[in-house]
Amino acid sequence: MKFNGRNVFISPSAKIGKNVKIGDNCTIYDNVEIGDDTVVCNDCVVGEPLKAYYSDPAYKNPPTLVGANSIIRSHSIIYAACTMGAGFSTGHRVTIRENTNIGESCSVGTLSDLQGNVKMGKYCRLHSNVHLAQGSTIGDFVFLYPYVVMTNDPYPPSTDIRGGFIGSYTQVGVHAIILPGIKVGENCLIGANTVVSKRVPDFSLATGDPVKVIMDVRQYVAMGKGNPYPWMKRFDRGMPWQGIGYEAWMQQQTVKPAP
Amino acid sequence: MKFNGRNVFISPSAKIGKNVKIGDNCTIYDNVEIGDDTVVCNDCVVGEPLKAYYSDPAYKNPPTLVGANSIIRSHSIIYAACTMGAGFSTGHRVTIRENTNIGESCSVGTLSDLQGNVKMGKYCRLHSNVHLAQGSTIGDFVFLYPYVVMTNDPYPPSTDIRGGFIGSYTQVGVHAIILPGIKVGENCLIGANTVVSKRVPDFSLATGDPVKVIMDVRQYVAMGKGNPYPWMKRFDRGMPWQGIGYEAWMQQQTVKPAP
Amino acid sequence: MKFNGRNVFISPSAKIGKNVKIGDNCTIYDNVEIGDDTVVCNDCVVGEPLKAYYSDPAYKNPPTLVGANSIIRSHSIIYAACTMGAGFSTGHRVTIRENTNIGESCSVGTLSDLQGNVKMGKYCRLHSNVHLAQGSTIGDFVFLYPYVVMTNDPYPPSTDIRGGFIGSYTQVGVHAIILPGIKVGENCLIGANTVVSKRVPDFSLATGDPVKVIMDVRQYVAMGKGNPYPWMKRFDRGMPWQGIGYEAWMQQQTVKPAP
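Those protein sequence lines, which keep their order, are chains R, A and Y. So this note's numbering is basically just the index in the first sequence, starting at one, shifted up by 95. So this note's numbering is basically just the index in the second sequence, starting at one, shifted up by 95. So this note's numbering is basically just the index in the third sequence, starting at one, shifted up by 95.
Do not take every clue at face value.
Treat identical chains as interchangeable: a pair holds within one or across any two.
[As the list claims (entries may be wrong)] Computed cross-link-like contacts, DSBU-like style, restricted to lysine-lysine with a CA-CA straight-line distance of at most 35 Å:
1) LYS146 <-> LYS320
2) LYS293 <-> LYS307
3) LYS328 <-> LYS146
4) LYS116 <-> LYS307
5) LYS217 <-> LYS328
6) LYS320 <-> LYS116
7) LYS214 <-> LYS320
8) LYS110 <-> LYS320
9) LYS155 <-> LYS110
10) LYS328 <-> LYS214
11) LYS320 <-> LYS293
12) LYS278 <-> LYS116
13) LYS110 <-> LYS293
14) LYS217 <-> LYS116
15) LYS146 <-> LYS214
16) LYS113 <-> LYS307
17) LYS110 <-> LYS146
Hint data in this document are derived by calculation from the structure and do not stem from the laboratory.
Just chain R, same shape as in the assembly (with noise of 0.2 Å):
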């Protein structure tokens, strides 16, 4: 019933790649590339115009890149002049505007909001209305839960974009907030409804607003559980490392080739 070319417009110049699937009432604008594999489902847009395309009569639309093996969901918005890495997905109703680049196996929830001008590594996991202003940078393997917000504006209203940073394998809780220009360190636990407003150092348990930094994640105790970070040593899920754990994947890594 899903992609039987009801109400579909695909540019003539959109490039689409082997085994796609396109759902119905989709718009493909112009210089969108599509890798082999990915499934675009209902009502999504790919390559939205900038807005200079409403007066510009030369206007010419940047490319879009969405990689191999991705599943756009229904009512899903891409901006123009974007790269997804290989096995993007996105839950539904997704905004991600003009010059973000997404790295390889991303996955990017329900009603989540990328103001544009966003950087994220791979493997990262934006779960539902996440909210990113222009200029986030997020590095590998970082998860964001329900509603986290990044600012970007240090004394509102300002032209003064400072953009904040959160380290490879950050998780950040419900709620919390990270303040402009802050960098979160990689391997840290941000609290649900953290205001994060300083910087926190790597390997950090913090929470609170203002955000306080707890312990030393390693020492957390979980019951029954031991100690429950770095989180990857028990973990895999969609992981690279899947099946045959971090470390073994981390030597893999780090395995010089043969002179």
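Mind docking chains A and Y on chain R? Use the hints.
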């Protein structure tokens, strides 16, 4: 102007009741049943297929039931394998994922996001933008206000899903968070922005981050209003005791049949 | 590629100005008036009928006005009985319910949800995902950042609607909550995650849960920036004093006509 059959797709296997209206641009998937006198507004999806649909050629859509006298507002998405009781209503752009069971006369507000495997009793009201993680359970006559989040992961990321629980008659204020596996009792009032990090007993007025029980909610005095809780004695709009009062209605519920 | 008239429905009673563009899959209901040079992007609804439409055969759609030079981005829903002044703009997936009056040159961000009976002055900026309860009132030149919520129910659930009030020039940070009936003064700066539980006087820098006034915002010193508030002396993008400065503009406003 609505309901003129423009760009509508209804599966031949769907069972559509009497006097049902289906809006333009809607898709009703396989094995959906819609009760009499229900309205499905424009741009809705009912019976959205589960993930296996995209990979399993033998996929069969599990049955989905929308009760009679319901209204599903525009741009909402209801997955397959859900049951919504009679008198159900939604705002716009609601997402309800698979294996969600909702009792009679509930409403789910604009932009709310039910992640699946959610159980909700009868006469509940979810206002706008409520997020319920997988495994969440809600009693009867529960009201959740905007941006309330129920979470389920005790040490993220993990595969140890522990949904929260909210007892009947409880009210949860805006931006409140229920941490994983936490039980909120019956007849509670949870303040705005509360982080519910431990069990809250019945009849608690509780607030703060982390949550503290302030008083028995029955002791709470509102200026010029006396003791407004339990709320059932003073509020009846849309409730089954409307016009007769809660106590009279309760007596009806407990009348034993003649021997 | 936009604006090719695919799957568009425009009521014969709608009045469409000169040089208006209407995107694909749009519905413009009865008694909508759209001013000159306005753009309505794809998949929008303007003049969404009120609830009585579904039950009253004699229902007539009340008039709806979108001012000239506006841009309504895709998937937005504007109910009937609303008035938006000239130069209005929205993000994607905005919901604006009935009896909302918005002054000139305002913007409402992606996913924002105005619940109806909202009054907003001129040159206001609502960023993404702002929620305004019924009865909310906002002055001129007010900026609300993501996930700000204005509430209206003093002892939920009740039928005693008491909308909040935000004075002109005030800035409200992300995830802040205005409790029912509370008045925030003019020229305030409300911090992220604040719960505004009592009246805040003009020119306050206020933050916390519950809110505390920290200082007169005019005393606030930003590193290397002096006193950034009131902000009108240093920020003019899109404001009526752009290019001439706030003080010169204010003098123009107060010049009395020659006798």
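Evaluated hints:
no. : hint              : in the structure
1   : LYS146 <-> LYS320 : between (51 Å within a copy, 31 Å between copies)
2   : LYS293 <-> LYS307 : both (9 Å within a copy, 20 Å between copies)
3   : LYS328 <-> LYS146 : between (45 Å within a copy, 28 Å between copies)
4   : LYS116 <-> LYS307 : neither (48 Å within a copy, 52 Å between copies)
5   : LYS217 <-> LYS328 : within (18 Å within a copy, 42 Å between copies)
6   : LYS320 <-> LYS116 : neither (43 Å within a copy, 53 Å between copies)
7   : LYS214 <-> LYS320 : both (34 Å within a copy, 28 Å between copies)
8   : LYS110 <-> LYS320 : neither (49 Å within a copy, 49 Å between copies)
9   : LYS155 <-> LYS110 : both (16 Å within a copy, 32 Å between copies)
10  : LYS328 <-> LYS214 : both (26 Å within a copy, 33 Å between copies)
11  : LYS320 <-> LYS293 : both (30 Å within a copy, 19 Å between copies)
12  : LYS278 <-> LYS116 : neither (40 Å within a copy, 43 Å between copies)
13  : LYS110 <-> LYS293 : neither (45 Å within a copy, 53 Å between copies)
14  : LYS217 <-> LYS116 : within (24 Å within a copy, 39 Å between copies)
15  : LYS146 <-> LYS214 : both (21 Å within a copy, 28 Å between copies)
16  : LYS113 <-> LYS307 : neither (51 Å within a copy, 57 Å between copies)
17  : LYS110 <-> LYS146 : both (23 Å within a copy, 25 Å between copies)
In this structure, the hints that do not hold are numbers 4, 6, 8, 12, 13 and 16, in rising order.
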